[in-house]
Amino acid sequence: MIVRTPPSALRLFFIMQGSVVPRIYGKMVSVLLLTLTVVLVDEMLLPLPRISLAAMSVFGVALSLFLGFRNNAAYDRWWEARKLWGGLIADTRSFARQLELFAVSPDDRFALLNMVAAFTHAHRGSLRSCNVERDIAAWVGDEKAKALLARANPADAALSDIAHRLAGLRRKGSLDGFAQMALADTLSRLALSQAGCERIQTTPLPFVYSLLVRRTTYLYCALLPFALLGSVEWFAPVFAVVVAYVFFGLQAVTNELEHPFEPRPNGLPLDAMSRVIERSLRDALGKNIPPALQPKDHLLS
Amino acid sequence: MIVRTPPSALRLFFIMQGSVVPRIYGKMVSVLLLTLTVVLVDEMLLPLPRISLAAMSVFGVALSLFLGFRNNAAYDRWWEARKLWGGLIADTRSFARQLELFAVSPDDRFALLNMVAAFTHAHRGSLRSCNVERDIAAWVGDEKAKALLARANPADAALSDIAHRLAGLRRKGSLDGFAQMALADTLSRLALSQAGCERIQTTPLPFVYSLLVRRTTYLYCALLPFALLGSVEWFAPVFAVVVAYVFFGLQAVTNELEHPFEPRPNGLPLDAMSRVIERSLRDALGKNIPPALQPKDHLLS
Amino acid sequence: MIVRTPPSALRLFFIMQGSVVPRIYGKMVSVLLLTLTVVLVDEMLLPLPRISLAAMSVFGVALSLFLGFRNNAAYDRWWEARKLWGGLIADTRSFARQLELFAVSPDDRFALLNMVAAFTHAHRGSLRSCNVERDIAAWVGDEKAKALLARANPADAALSDIAHRLAGLRRKGSLDGFAQMALADTLSRLALSQAGCERIQTTPLPFVYSLLVRRTTYLYCALLPFALLGSVEWFAPVFAVVVAYVFFGLQAVTNELEHPFEPRPNGLPLDAMSRVIERSLRDALGKNIPPALQPKDHLLS
Amino acid sequence: MIVRTPPSALRLFFIMQGSVVPRIYGKMVSVLLLTLTVVLVDEMLLPLPRISLAAMSVFGVALSLFLGFRNNAAYDRWWEARKLWGGLIADTRSFARQLELFAVSPDDRFALLNMVAAFTHAHRGSLRSCNVERDIAAWVGDEKAKALLARANPADAALSDIAHRLAGLRRKGSLDGFAQMALADTLSRLALSQAGCERIQTTPLPFVYSLLVRRTTYLYCALLPFALLGSVEWFAPVFAVVVAYVFFGLQAVTNELEHPFEPRPNGLPLDAMSRVIERSLRDALGKNIPPALQPKDHLLS
Amino acid sequence: MIVRTPPSALRLFFIMQGSVVPRIYGKMVSVLLLTLTVVLVDEMLLPLPRISLAAMSVFGVALSLFLGFRNNAAYDRWWEARKLWGGLIADTRSFARQLELFAVSPDDRFALLNMVAAFTHAHRGSLRSCNVERDIAAWVGDEKAKALLARANPADAALSDIAHRLAGLRRKGSLDGFAQMALADTLSRLALSQAGCERIQTTPLPFVYSLLVRRTTYLYCALLPFALLGSVEWFAPVFAVVVAYVFFGLQAVTNELEHPFEPRPNGLPLDAMSRVIERSLRDALGKNIPPALQPKDHLLS
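Residue numbers (the numbering used here), protein chains in the order written: chain A, 1 to 301; chain B, 1 to 301; chain C, 1 to 301; chain D, 1 to 301; chain E, 1 to 301.
Incorrect hints may appear among the rest.
For chains that are exact copies, the list does not tell them apart, and a pair is met inside one copy or across any two.
Pairs of lysine to any residue residues, derived as SDA-like cross-links and limited to a Cα-Cα distance of at most 25 Å, are as follows [as the list claims (entries may be wrong)]: (1) K146 to L285; (2) K296 to R134; (3) K287 to A150; (4) K296 to L205; (5) K83 to L293; (6) K144 to K287; (7) K83 to L36; (8) K296 to L12; (9) K144 to E133; (10) K287 to E143; (11) K83 to A73; (12) K287 to R165; (13) K296 to A152.
Please keep in mind that the hints were generated in silico from the structure rather than gathered at the bench.
Work out the full structure, taking the sequences as your base and the hints as a guide.
Listed below in structure tokens is the structure:
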């Protein structure tokens, strides 16, 4: 996630970080070349057929509608993903607090909260397909970390391990039924947040939209030069490039926000949020607290 | 559900899988022929009356609005359906975990979780109107599977069977009131997700929208050639086909997403999600775990 | 609710069922006659003032916005109403299941579930303002049915009767505190769904929108012929009728979906959904199960 | 709230009740006079500069967007307010039912439900800034009513009084822990609905929107006559008034729905909904039931 | 938050408070100067190329779409933030009420509610990055305030302190399991609201939108003068300034609402809402109640 104050007007056009320009550069140049060719051929060689701008605008409204819809859907996914992680943060804190409230012994709390941290990292690892063994091992030890990561769904396995331990505490009488119920409830909420994130990760926007929107954008940009003939005069190339920037740019943004967990500039800062959870857990355990992650070069990973 | 990386610009126009083109091919050709006829008659035989593009654009805005609304509504159904299945996945995992947490004996857990798997398959079978007897029998045996499927609502019957077993456990003292309450709660959530899916399955978008939107689209495409006369010159046929693609295409997408449970290319991968649940349940039972379903030819069923 | 497969293109224009055409027929004819008059007077008698189409399109965008808003709001009401009934279905099933789970005796379950069925019918009766005495009497007997329907809010009275019986069970010791709490929770959810339906029934969309939208639509259609003069040539009458169809049609759809409980073609199938609940309850009681309601002439009541 | 069947086309234009026309009459006349002046000056004295309609339509799209946004936001507030009151209705009924279910003695129920009614009226009084002392006194007596209304937040104080009584019941053993917990939950929900209503009441839409939208509307209507010159001929005055009606009208609607609790024609019928709660409470107490409030001159207060 | 009745039409244009004009003044002047230059050069020196307004309107629709999306997203953040604080208000009241209901002794209630107030202030302090030590110290004493604020997350630490105290009460038998569970639930809700506010605070809208929208707006305003040439005659400068006001203004509003907790004119009144909570808590403790905060110069901080 990019964290920076909005740039001034002057610097605005030269910022490339987080910008979509690098990704759509080729398309913008293609549109520019096509427009120049069309304008020059029309001027020098033979008059080309024209498309009235009114006709293009019917098309443009439809395209705006498509892009707008896809953008809303992608942003909703991104924001829902952030909400789910916000819920995770709150629920891990509540879990720690409930252990305190229901008077679980410090040793047992230690073991349980370590496993909650392991759950967080395992969950992050599966969302980002990255190696989290070291992060998990730092909380539960190497052996346990390996064992967890060998399971089909390590995050789920971590929650089950917690449930197993709680059952043990209940058996030996250090947890009453009320505590058991309250903690089971918090575990269910954690599982719900986890499944929500997995849903966003494994279910992209329907592929058919990709095809429909991208094809329409290409067709639009291919027809545009013929519509600009004679209506924007010498602005034609500039205008075509700007329109290409707007439509291809929105499409590129959508592609990026659609997958909020991937480690891209506009993705969610899973590392930083995991650190937030770690800080809360270590605070609850009375341990020293690592500093919050800071953005590097405006980028929070 | 189609799972593939977005194709490059070059291949984009030749992908037919997941595309709506095959389904609207006939309509696109009809619009093409109509436009050619109108243009040729106007050119060769007698000048036809024209519709100004400004008039068409009033119409076009209204049509965009209709299609946009229907598209939003259909996508919302699709995404809500996916959310409900995500809830099912989380709640079956929580159910397994609560059995562990409330110290239910392995034998009883075995019987209960088998029935949870049967619930999943029975639910999927009723959403897809497909035969799931073998899938259910693999978990609870042939006899029980037949008995379940003979009931009015097999998925509901599976949940009731679970409730019946839990009542038995309570009677013989191996479940306390807290466990009973927590498990009853999880069962209620499963029932809510099930009823939500049934709602989406049995309640299509109001039929009146179908009529209104489809009629309007046909009228629009029939009037369009007369509006293109003289304003897009030789592009008329291309332009008409592209507009037909955009409007009929969006309509076809909507029809597909409106029924998210049907086994179509853009439908939800119920088989794969059932497998996810099976994997979690077998993991909870300590059994060997079948592999996750992989997309075949980019298609996850 | 109309249940039918989308008609083919050929038959599409001749389907009247569920269509809004019968209701807006008069308006379409009026617009046609007005347009013909304007065109003929302008052609034969004296040139009439014209309105530029660009001016009309400013107006058209605003009108689309109004109609789009009202349509969204009406559809949301319709779909929320369906969700509330879906919740009712799930919660009546959960109630039956909880009685099983908390080991309520068959006789008591019989009495309680009969009253749940009475609640459903009483609720439907009040939403549709129809006579449901026979339906209720079939479950709880004539006398009790009459007594219930004599109450200020029969559905609420049925829930209170259930609470009263549960209190009795608790007093004689056949229900523990956990069961009481879980069942109280389910009753609260039923009451919430009921109040939600009553809210939709008693609170129409603000009247002021009706005025604003309808007046704007009339003004638009009255000015339209003057805008079509000279811009759509001989298509003027056709065009005006199509636009009237689109705008008046959307308005008529909205009026119908705004009141989702009324027994209209596009209303919700309360009878069929009550039957779904009856089937679940009779299944839970081990009784023979009536068939699901089938659409008659594509119509599910 | 206005309750009436939609008027026929003929009467539609003469209904003033609930209409926004009376409030925007002055603005419509101003626009009319301005347009007449501009047209006459342009015709008789000197040709005035013109604005092309295409330029106005860029502006018009932006204005539609603003008005549409504000309208959606205001309607959402109105409908959320109605939902919160629907929740209040359901929860007061559930509270009464839980007292029955948990076997609270008739005398205690009487005292508790009287206080629930007092809560409802106190809440309504604070939302409407109206005097509700008589309504409260009718349930809990003059003295208690005065005491409640002297508190900082009378509705909150009523809920605290209920909590205090329930604590007393628990102390003397006529309420068990389960009942206490279930009733505490219902009280929390009532408090949540109350705080939700207070939120809508005390937090208007951001003031900046008011400025931006109103200024834009005025500017638009001031520039409009210059755009109508020569494009709508003799329709200019009619057209300008209609556009003013549409834009100022939508703005006036928004202002009214933004504050759903105020006693305006399109506000929520708090009196009628309080009566619904009173009827339920009196029914639960076995008392005679006052009639539901009826709309007076189509108006439900 | 600005609290004032909408100004009359005459004063509307001279209100600067809460207006975005001061912030976009420079941009409006730049657009004005650019337009004047373009118009004068075109008139006096050499005819400049023109852009047809139809071409600009394609662009304008896309820009409206962007701005509309960002505005909706920002308003949703602002309103969600307000809802979360509304939940905080309701839940602190419910917490106080539950202490009463579960018969916690006055001394313990005093200590617990003081800490709830400390939580509120610590939460506000972290959202606004302002010094709240005095506010906290007024409730829990200097030492405790310092200790809290030294923790990594003071608000979270306050909730943990509450949990710790409740565990102590349970140990000495003055709290039963039911109370513990109900209070744990309320604490979880408070933690959820807190994490929700932190989410909004730490996660701005994706930076890429900022770039895309701002760049597009600048480009639009830079091209606009060339589109106005010859189509709005002498209105060109006025028109350009108005369009700049509309587009830059909406953008400035969005930037402000995007960060609802910052102490800006259109931000949320965190001080006033904290006071509302303080009033409720002091009322619950039977202490004298400070007056509600009043807007100063129409501004509620």
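Hints the structure fails to honour = 7
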